[in-house]
Structures are given as C-alpha cells and as structure tokens.
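Assemble chain B onto chain A, guided by the hints.
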Amino acid sequence: MDEAMMGLANIDIAIIIIYMVGVFVLGTFFGKYVKDAGDFFIAGKALPFWAIGMSIVVSDIGAMDFVAVAGSAYTHGISVANFDWIGSMPAMVFAAFIFVPYFWRSGVFTIPEFLGRRYNAAVQMIHGTIWAVFMFTMLSLMLWVAGDSLMHTVLGWNPYVVVWLMVFITGVFTFSGGLSAVVMVDVVQLIIMFVGGLALLFLSMWDLGGWQSVQEQVARQDPKMVIAIQAEETIPETAVAGVFEELGYTVTHAESVKKLSARDPQRFVIRFEGLDTHGLEGNDLIEQIGTFRAEASEAITAGLVQLVGDEKKVSIPTFVTYESHFDILLPHNTYKPFPWTGIVFGLGIVLAIAYMSGNQTIVQRTLGARSEWDAKGGMLFGGFLKSFIPLMVALPGLAAIVVVPNLVDDSRAVPTMISIMLPPGLRGLMFVALFAALMSSVDSTLNSATTIWTTDLLGRVKRYISGSPLDERQGLIVGRIFTVAFILLAGVLAPVIGRQESIYVFIQTALSLFQGPTLAILLLGIMWRRTTQWGGLAGLVLGVAFCFVLNYTEGLFPSDDPFLFVAWWSFVFSLVVTVVVSLLTPPEPEEKIRGLVWGAVVQDAVVQDALNERIS
Amino acid sequence: MAEFMTSLLGKPLYAFFNPINELLTPLYMPWARIVAVGFFILTMVWVGAILNRAYVHLERPNNRWYSDLRIWTVVSMLPHVFVYLYF
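If you're matching them up, the sequences are chains A and B in order. Residue 1457 is where the first sequence starts when you use the numbering used here, and the numbers rise one by one after that. Residue 20 is where the second sequence starts when you use the numbering used here, and the numbers rise one by one after that.
Bound-form chain A, shown alone (with noise of 0.2 Å):
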C-alpha cells in the first residue's frame, strides 16, 4: 500500500461532510449573543471549567502534534511524551494557582497587557508585537499543512481549495461568535479527538498483541540509517547497501523510496547488524551508540561520498536506535534531543510554565472563566485531559515501528496506521479527529490574534493619539474586522509562508527565544513586589539578548539542538538581571501595583479576610 494515501470509503467522505457542516451551524449558533468585545473576546467571562479545560488541549494539540509527536515517537521514542507529561501538568498546576487568577481578577484581555499594567507601554509593545506576529505567521502555516500535508497529500485533494474551505468555515464562525463559538467547537471537537484517538490506540495494541509484545518486537528491531542523495540519475539499493558491506556491517534490510520530481533527493532506508549493545545500559549505552554513530556516519558518508563523487550530494538525515526507545528520560550527554535535565529544567520549569502562562490562546479560555474556581478548575481539567494525549499519539507511533518499519518520513507514521488499522468509518472519524485538531487551534489562533492586535497594538497606539482606550463597541467593530482581515490575508499568504520552511523555523526560533526571560519577569512581577519597570524591561531585552548568544555559541551544551537548555539558563539570567536593575531603581507607587502582586492578596491580612468572607 501507499504510505502517503489514506483510501476513504464513502461512510468515511460522509463523516467528513456532517462534520465540517455540524461545526459551521454550530460555531455561527452562538453569534447572537455577541453583543460587546466583552462577549467577542472573553466570552462575556461565561465559560464554565469543563469547557475551559476542553477547549485549552484541543487548542494546544494541532493536527501537526498528531503527525509530528507520533514520527518523533517513532524515531527517538516515549521520551518525546514529556512534553505532554511533566511538560504539562506541573505548569498547568502553576498557571493555575499563581497566575490565572492574577490575570483574571485583573480583568485584562491579554498577557501583555497585564505585562504594560504591571511595567510599562514598552514591555506591552515588545511582547504584543512578537506574540502577534508568531500567530499571524502561525495561522498561515496551519492552513496550509491543512490544505497541504494533509488533505493534499493524503487524500490527494487540491491544496488550494481546501485551504479557502477552511478560511471560509473558521473565519464565518469566529467572525460571529467570537471565543464563546470557538470554546464551544472545541468541546465537540475534543470527543471526536479522543474517539479517534483511543480507537486508534486500542486497534493497534489489539493487532500487535499487546503493549509487552510492541516493546519486545520494538527492542528487536536493527538499527536504521535514512540516508538521501541528490544524484540525477537513480541509485540501485544495492550500491548503497554494497558500501555498508564493504565497511562490514551485514544489511537486513535496504529501501529506496521513489523520486518524486528530480529536484527531490533520493531516499533510501537501510538496517544492518553490527552495533553490539548487549547489557548495556544508561552512560554505558549512550557511549557505545555514540561512538558507534559517529564513527559509522563518517565511514559510511566517505564511501557514499565515493560512490556518488560528490559529497554535497550525500545526506544522512536520521540514525536510530531502538535500545532506549522505552526510557522516558535520557541521560544528560544523550544523542537525542530530550536529555532529562533539559527535560527537567528546560521543559518543565521555563518552557512549559512560560508557554501555559503566556500563551494567549491558552489563557484567553481563562480570562473568560465565570468565576475564578472555574478558571483554576479549568486549568486543572485541562492537564488532566491532556495526560491522555501521548497514549494517543506516542504510543500508535511506537506501534507503528513494528507495523511499517521502515518508512523514510517518519510523519507518515499516524497516516500509514490510520489506513491500515481502522475500519472503514472509524477511518473517517480518526481523519475527522485530525482535522479537528488541525480547525481548534486555527479558530482559537484567529480570535487570540485578534484581540492582540486590537488590545495591545491597535489599542495602545489609540490611546496614544487620542488619550483613551477603545469602548466596547469600538472594540468590537475592530475585532471583527480583524478577524477577516487575518484570515483572508492568512489564506493568501499561506502557500507563501508554508512552503518557506526558514520563516517558520525563523518565528518559531524568536519565539522560543522569548520563553525564559518572558517567565522571569512574569514570575518576578507577580511574586516580588519590589520588581520596577525598568527591571523588567533590562529582564526581558537582555534576556533575550543572553538567549541569542547562547543558541548560536556552538558547543555549549551536548545536545545538537540544545533549546531546552538555552531556555533554562536566559530564565535564570533574566531573573538576576531584572532583580538587580530593580534594587537599582526607584520602587514602583503602592497604587500602581494593588492587585497585581502577589503578596497583597495572599499574606495581606485584610485582603486575606475580605476573601475569606466572600467564599463563607
């Protein structure tokens, strides 16, 4: 079979149908009662904790995570289910219970709003403008993975249509419900989630004899090289299979993966024997299979080097083992991406808590809470149903090494098991499940763009000019506008940025660039009451600053991609950094910081007893 097509029945192109109609009828219902940006923005703060904490996962979880968390599970193992475990739920406990009621009793819009009342325009200006150009850029790219990697490449449908169904679906229901219609089609599009989901899960235990039968099946497998060639003329298999025997490694299996045009390199899978790893375990192991690497890859690159004449033309892209593919967490020097410390400090502590605190689209579901037990609850409930979502997606890709071993893109992993696992129907409903994944987190990108743009940018630059906000009403005007103006321009600009790979991997490089010093002076503006300004802003700007000397410092970290630790430590420079700068400048006004710190709520004994009588 094809790996990259998934054959639909018609039971399945009717799900399809129902669905995307069912979510068009249900996203415009909620429209009438829009009346003020209140309501377009923040739901009119109606939305009860289970809606909360359904809508928060699947606006996280895009069709992408799906596709790209099961090939990660499929190459480097479990390991990449910590971004679902302890990269989840500590910092969904935090943002819960030290940050989401802050923000909601605050009664603000948006993150960095709450940053220019607690600093200053600056602050609010530098991460407004950030936050709004990564999900403008961001919802471009969704629209075209969905008209693209998905629909075009799977089913084989065009791109281009695809994508204005999409603009036109999302666009309409966001435009007249705001966060009420988005929040309630991301409730009916989690249950399909998880259906799908889980059907896929238990079908593929069920076939492979059970979770201990995937682990030993998995452990058997030899390791793999997916090597790629840019030769004009096609290379037999067995001439690259020949330069591993030449070098005295026995291949068990070799692959060549057709050309699509010839400016696509050739690809070809090739197993082999050699690599003896027998009881071993931890540092040991990680040095065997380090050594072995590099000096495999070097040997192998020279006589493909040899073979081709040209060693531009040579590529080993990926190399994978399968003696840790079960090991959730890695050692510290490990060739993976995941080393645990990283894990631990990196994900954990910086880039999770920063992400679960000031994600607009993930707090925008919490500001529009009807009470604060509902936004803490919906926080809670959102970590809890998140914790599901590796054994979705982690787990079907981990299967899939027994099922199709030797794909050479491991995004086709979740595709390939759709097609061969489920039934006709169930196939229907898991692709729905995709797409439903892939539609939340445009719809709730669209409107947490929206009011960035209309709160932070727009409204700033007005009160700017006239002295004054704007109203409800203007607010409204403005959201809406934004709303189709995004979504259009996204929809002509998504060929554009989809198909340049170094504009997303630009945006997302600032962004992730922004992570740890965005928690420092969050987390320190919000615990510390003698933060300044002018502390926060040398926290954030200097910050930012350390995290571009550090991503392009070469060697610092054992990692090849060492994001987890570059977040760890600008966190920790921008905490001393802003903690300096503001025991060398003037304490901010106690009027200016009422409300929005800590203390004055918790350790505030009259605040304390105000409380204590609202909740008696």
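Since the hints were derived computationally from the structure, they do not count as laboratory data. All values reported here derive from a predicted model rather than from experimental measurement. Be aware that a few hints might be false.
Claimed, not checked - To give an idea of the interface, some chain B residues facing chain A are shown, with a C-beta separation under 7 Å as derived from the structure:
no.	residue
1	F58
2	R72
3	F101
Claimed, not checked - A few chain A positions that, by computed beta-carbon distances, are all more than 10 Å from chain B:
no.	residue
4	L1482
5	W1829
6	V1859
Using N, Cα and C, we set each Cβ at its ideal position, and we do this for glycine too.
Showing chain B alone in chain A's frame:
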C-alpha cells in the same frame, strides 16, 4: 553567525558551562527519576498543604468533596508519578 559568536564569547561561556556538563553527565538513574517524581510530589504538596485554603477555594460552587481543587490536583498528578516510576 555561529562562528562569529563562538569566537567572540566562546571562551568565557565554555569556562562556565563545561564544569556543569561534567558534573551532570554521570548523574543519571536513580537521580533523574527522583528529580522528576519529586517535581510532581512537591507540586502536589504545595497545593495540598502550603497554599492558603481560602485562596484555593475562592468562589467554590459548593462544599462537596468533588469541588475541592486540592483533590483535583492530586487526582490529576498522581498518575504521572506512576508513569515516571514505570518508564
């Protein structure tokens, strides 16, 4: 860019980070597991025993056990402890 940055600031940064890498490389099991599980347990203890009760329960809809957010926290986090002990 990488070459310029490495030549400009590499020396002091290596002097700071290399000893840390040397310290962390031999630290693996059981310390990795203890730290990861400890992270979950400390978070549960913080919410369950340290945070002000009135603050946690603010605007709680009723006084039944199932609306206690401290119980929600423990129920949500405890499975993670078992996951990190298992893998």
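Now the hints, each set against the structure:
no.	hint	result
1	F58	6 Å, holds
2	R72	9 Å, violated
3	F101	11 Å, violated
4	L1482	26 Å, holds
5	W1829	4 Å, violated
6	V1859	22 Å, holds
In this structure, the hints that do not hold are numbers 2, 3 and 5, in rising order.
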